[in-house]
Amino acid sequence: MIEAQGEVFDLGYKHYDGPREGRMRARKAIWINGVRTALGIGRGWGSKVLPGLLFVAVMLPALVISLVASQVGLLAQGLPGHAGYYQMVSTLLIIFSAIIAPELLCPDRRDGVISLYLVRPLTTTDYLVGRWSAFLSVTLALVYLGQTVLFIGFVLAADEPGNYILDNWLNVPRFLLAGLVVAIFTTTIPLAVSSFTNRRAYAAAFVIGLFIISVPITGVLTICENSHGTQQGGLGSESGQCKPLTGKAAKWFALLNVGGVPIHVNDMIFPEENTSEFANLVDELPDVVPVAWYLLLTAGPGFVLWWRYRRIRI
Amino acid sequence: MEPLLRLSLRQLASRSRLLLILLLAALPVALTALISNVEGKFSNSEFINHILDGLLIAGILPIVTMVLATSAFGNEMEDRTLSYLVLKPVRRWLIVLPKLLASIIVGGLVLIASGVIATRLGASSIVGATVLVLDGSLQAALAVGVALFAGVVTYTAIFTWAGLVSTRAIAFALIYVFLWEGLISTFFGGVRYLSVRGYTLAILHGMDDETFAPLKDRVIEFPAALVGAAVITTVFFWLTVRHLRRMDVP
Amino acid sequence: MVYTSPMPLLLEAKGLTKRYGATIALDDVNFQVVEGITGLLGPNGAGKSTAIKLFLGLLEPTAGSAEVMGQRPYESVESRAHLGYMPEHDCLPASITAAEFLTHMAQVSGIPPAYARTRAADILRHVGLDEERYRSIGEYSTGMKQRVKLAQALVHDPDLVLLDEPTAGLDPGGREEMLGLIRRTGREFGISILLSSHLMGDVEGICDRIIVLDGGRVTEAGAVSLFTQETQTLCIEVDDHLEELVTALAKRGIRATVEGFSAVVERESEEQYDAIRDAIVEADARLRRLAPRRHRLTEIFRRTST
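Protein sequences appear in the order of chains A, B and C. The first sequence lines up with residues 0 to 313 when you count with numbering that gives the first Met the number 0. The second sequence lines up with residues 0 to 249 when you count with numbering that gives the first Met the number 0. The third sequence lines up with residues 0 to 305 when you count with numbering that gives the first Met the number 0.
It is worth saying that the hints were derived from the structure and are not from the lab. Heads up, a few of these hints could be off.
Unchecked claim - Output of the computed footprint for chain B on chain A, the stretches with three or more beta carbons under 8 Å from beta carbons of chain B:
#, stretch
1, 135 to 142
2, 194 to 207
3, 210 to 220
What the hints assert, rightly or not - Restricting the straight-line Cα-Cα distance to at most 25 Å, the calculated cross-link-like pairs of lysine to any residue (SDA-like) are:
#, chain 1, residue 1, chain 2, residue 2
4, A, 13, C, 143
5, A, 27, C, 187
6, A, 47, B, 182
7, A, 27, A, 144
8, A, 13, C, 182
9, C, 144, A, 197
10, A, 47, B, 77
11, A, 13, C, 130
12, A, 247, A, 291
13, A, 247, B, 36
14, A, 27, C, 98
15, A, 250, B, 36
16, A, 13, C, 88
17, A, 247, B, 81
18, A, 47, C, 137
19, A, 13, C, 73
20, A, 47, B, 167
21, A, 47, B, 76
22, A, 13, C, 81
23, C, 144, C, 88
24, A, 13, C, 68
25, A, 27, C, 112
26, C, 144, B, 78
27, C, 144, A, 247
28, A, 13, C, 207
29, A, 13, C, 127
30, A, 47, B, 164
31, C, 144, A, 106
32, A, 27, C, 116
Every residue gets a Cβ at the ideal spot worked out from N, C-alpha and C, and that includes glycine.
With the sequences and hints as input, model every part of the structure.
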């Protein structure tokens, strides 16, 4: 056959007769796509800058502490360890989650891709679980990496590394569990907020606003107790005495600090005393209260997320 | 210029956004009223640290200006209406100026009202070393108003530029505000010379160093803050105009 | 009105009803779709999109059932693996390449990654996006985006694709290309198609069968040939003296109605042609065209929408 103009030879359509793995494969695909989206893989450089920057920022404290520990020794006063790591990176983690998590839900709705997903062998719940677990995985990788760097740093800094491991191996399961607690929290809330707006930016601003603004609000409502302790940047207090509202109820108001909620659970997992803001107040409450509060603040947004997608109109 | 300003104002004043902004601005007033009425006392440093700095200047001020200013051009880009503006036979800085003014008017009015009312409420119940009489609280309220105005103007200039150059302006703005000004500045004092929050606090302290004495240790020099705010505003205004002049309008 | 056929059933609506509050989108609709290309014709708001979404399982019927190969997709998730859907609205992410997007969509349909990649490349070639597949979809033209939309509906080699207004928003050239692609999909790829449109021209040329929806009800259904059969009407088009012609026809006992430049008469017998010839001569009209009129879909559509 002679083609006058060198046309591309059409191979003809071939039917697909390979394996079809149905719903399980669909779930995996949603998960993998979620992880890739979060990290900006398969996208332009613009999408990689933010996660990269935030990843480095969360890793940095672990590296710095390891280096300091290797110089001044493990027992240096005030050097944070595994117990204090999540508290230290919590602000960074919030910024990371608030900015990246909406990437996994908002564009799908804004671009209309969601309607292509839901006609495939995939339910709304499959989709949400896939997205949620994708961002959870990314967050877990992030915080575990930091803790691992810290652990390796401490082992190397120890005079007798072998003994250090024997004495401190329990920290590993502790930080694994605490990391899960923190990651579930910082995954669920931003995703729930993302289900209310198609604009990623507004979701991010709302989440960060919620976490940042709750700090001074809690500060005001717990003034009395805090004035003895670690008042942020203050010169000490002029009023030492307790007040009717903030005196008795301060320990309850301390729960209002959203960012601190998983940290209180973290503090229960580690034996070390936490001297951070509001932790001393929450300690006055029975353990079950902060745990119940944590569960409410993860299950609640989780339910809201599911409920929002139940009623989605395509 | 005037019709453009009116148009920009109308674009900013979407109902849900206004409601959210008003809600945020009501927070400092509500909290101050609550504490000063229930407790009957509110120490100077407590009020300044928690309400003025923590809540208003470090939290609500950047969030409100960010949402307003990044959408000034951001929404025009998203709706592809920027070309209508740019094709007008108007100098580019005359397009940027009304956009800035609109954000400053909306954000400024709400935030200054919030700050001044909270200060008057807080001052009336302040006890301790610096008891404020009405005169003093007026001066303090004036200081709060001026400092917040400077903050709104400077943030607006930065965020308007960010909204024009990037589709992810709010993400970068959030990182700047809460990482650079919030977190890093607590470790490195020098950052305050390059931080709008630093300027705002310094102007507050500079205008009434008696009332705002608790800020003494963490503010930069008053003149430095004024110059810094002015320079940053001018530079970003110029950058915005320049970018608008050079960009390919979609 | 139920159209039945000996061919295996792909889609079946049985008493299918969908209400949104007080509005009735589909009202007790019955029809069947068999292999081949079927057109779902109707004006905007006739219930075409609703019917398609019900068959895909995106909506739950208020009453009745929408079955796909004997299963109900709203309940049976796995059955959707053999369906493809091209929505009317935008549905493409802007920031990734067509190749990456199609590979992902194939996987969401259950195809393992290694196979998904070759399927994506194959199908992009078939819709004519070979060269551009490594560019971000955001940079594509409307016509190219429409091809990606079709490609994602075909990437998992479904048995049946449902296309919702596939030519919407395309210029005449793009529309012809899209219709050509759809025809190839149905004829060469052997994939059955249900396509909705409010343009008769779309369905007339490429469909085997047509279902006309209007106001949430099926008003007509059947093979395209049924719709385009010759009718018992003769159309006499003349350049001038139309009125004289009508009078001359009336003298010979033939009642004619005037439509534009034509006199239209009911055909009764072969002898009529002689009478018509004589009438034309008598009226001294210059004959342009004399032909039996075909029932065009245009008219069915006009009938249903008024």
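Outcome of the hint check:
For the stretch 135 to 142 of chain A, the proposed coverage by chain B is not satisfied: 0 residues have a C-beta within less than 8 Å of a C-beta in that chain, short of the threshold of three. Evaluation of the coverage hint for the stretch 194 to 207 of chain A: fulfilled, as 6 residues show C-beta separations to chain B shorter than 8 Å, against a requirement of three. Remark: the stretch 210 to 220 of chain A is confirmed as covered by chain B, as 8 of its residues place a Cβ nearer than 8 Å to a Cβ of that chain, reaching the required three. This hinted pair checks out: residue 13 (chain A) and residue 143 (chain C) have alpha carbons roughly 22 Å apart, not beyond 25 Å.
With a CA separation close to 33 Å, the supplied pair residue 27 (chain A) and residue 187 (chain C) exceeds the 25 Å bound. At most 25 Å may separate the alpha-carbon atoms for a hinted pair to count; residue 47 (chain A) and residue 182 (chain B) meet this at roughly 23 Å. With a C-alpha separation of about 23 Å, the suggested pairing of residue 27 (chain A) with residue 144 (chain A) holds against the 25 Å cut-off. Note on residue 13 (chain A) and residue 182 (chain C): the hinted pairing holds, with a Cα-Cα distance of about 16 Å set against a maximum of 25 Å.
Only pairs whose Cα atoms come within 25 Å are accepted, and residue 144 (chain C) paired with residue 197 (chain A) is accepted, the gap being roughly 22 Å. Distance check on the hinted pair: residue 47 (chain A) and residue 77 (chain B) sit about 22 Å apart at the alpha-carbon level, within 25 Å; holds. Of the pairs offered as hints, the one joining residue 13 (chain A) and residue 130 (chain C) holds, with about 20 Å between alpha carbons and a cut-off of 25 Å not exceeded. For the suggested pair residue 247 (chain A) and residue 291 (chain A), the alpha carbons sit about 21 Å apart, so the restraint of at most 25 Å is met.
Distance restraint check for residue 247 (chain A) and residue 36 (chain B): the Cα-Cα separation of roughly 16 Å lies within the 25 Å cut-off, and the hinted pair is therefore satisfied. In summary, the hint linking residue 27 (chain A) to residue 98 (chain C) is supported, as the alpha carbons are separated by about 19 Å, within the 25 Å threshold. About 20 Å separates the Cα atoms of residue 250 (chain A) and residue 36 (chain B), which keeps this hinted pair within 25 Å; it holds. A threshold of 25 Å between alpha carbons decides the hint, and for residue 13 (chain A) with residue 88 (chain C) the separation of about 29 Å lies outside it, so the pair is violated.
A hinted pair counts as satisfied when its Cα atoms are at most 25 Å apart, and residue 247 (chain A) with residue 81 (chain B) does not qualify at roughly 56 Å. Of the supplied pair hints, the one linking residue 47 (chain A) and residue 137 (chain C) holds, its CA atoms being roughly 18 Å apart against a limit of 25 Å. Simply put, residue 13 (chain A) and residue 73 (chain C) have alpha-carbon atoms about 30 Å apart, too far for the 25 Å limit, and the pair is violated. With a CA separation close to 12 Å, the supplied pair residue 47 (chain A) and residue 167 (chain B) stays within the 25 Å bound.
This hinted pair checks out: residue 47 (chain A) and residue 76 (chain B) have alpha carbons roughly 22 Å apart, not beyond 25 Å. A hinted pair counts as satisfied when its Cα atoms are at most 25 Å apart, and residue 13 (chain A) with residue 81 (chain C) qualifies at roughly 16 Å. Our distance criterion of 25 Å between C-alpha atoms is met by residue 144 (chain C) and residue 88 (chain C), whose separation comes to about 11 Å. Proximity of residue 13 (chain A) to residue 68 (chain C) is assessed by CA-CA distance (about 22 Å); at most 25 Å being required, the pair is judged to hold.
With a C-alpha separation of about 10 Å, the suggested pairing of residue 27 (chain A) with residue 112 (chain C) holds against the 25 Å cut-off. For the suggested pair residue 144 (chain C) and residue 78 (chain B), the alpha carbons sit about 19 Å apart, so the restraint of at most 25 Å is met. Among the hinted pairs, residue 144 (chain C) with residue 247 (chain A) is inconsistent with the structure: their alpha-carbon atoms are about 63 Å apart, more than 25 Å. Restraint check for residue 13 (chain A) and residue 207 (chain C): satisfied, since their Cα atoms lie roughly 23 Å apart, inside the 25 Å limit.
As the CA atoms of residue 13 (chain A) and residue 127 (chain C) are separated by approximately 16 Å, the hinted pair is consistent with the 25 Å bound. For a cut-off of 25 Å, the pair hint linking residue 47 (chain A) to residue 164 (chain B) stands: about 17 Å separates their Cα positions. Among the hinted pairs, residue 144 (chain C) with residue 106 (chain A) is consistent with the structure: their alpha-carbon atoms are about 17 Å apart, no more than 25 Å. A threshold of 25 Å between alpha carbons decides the hint, and for residue 27 (chain A) with residue 116 (chain C) the separation of about 16 Å falls inside it, so the pair holds.
The structure does not agree with the numbered hints 1, 5, 16, 17, 19 and 27 stated previously, though it agrees with the rest.
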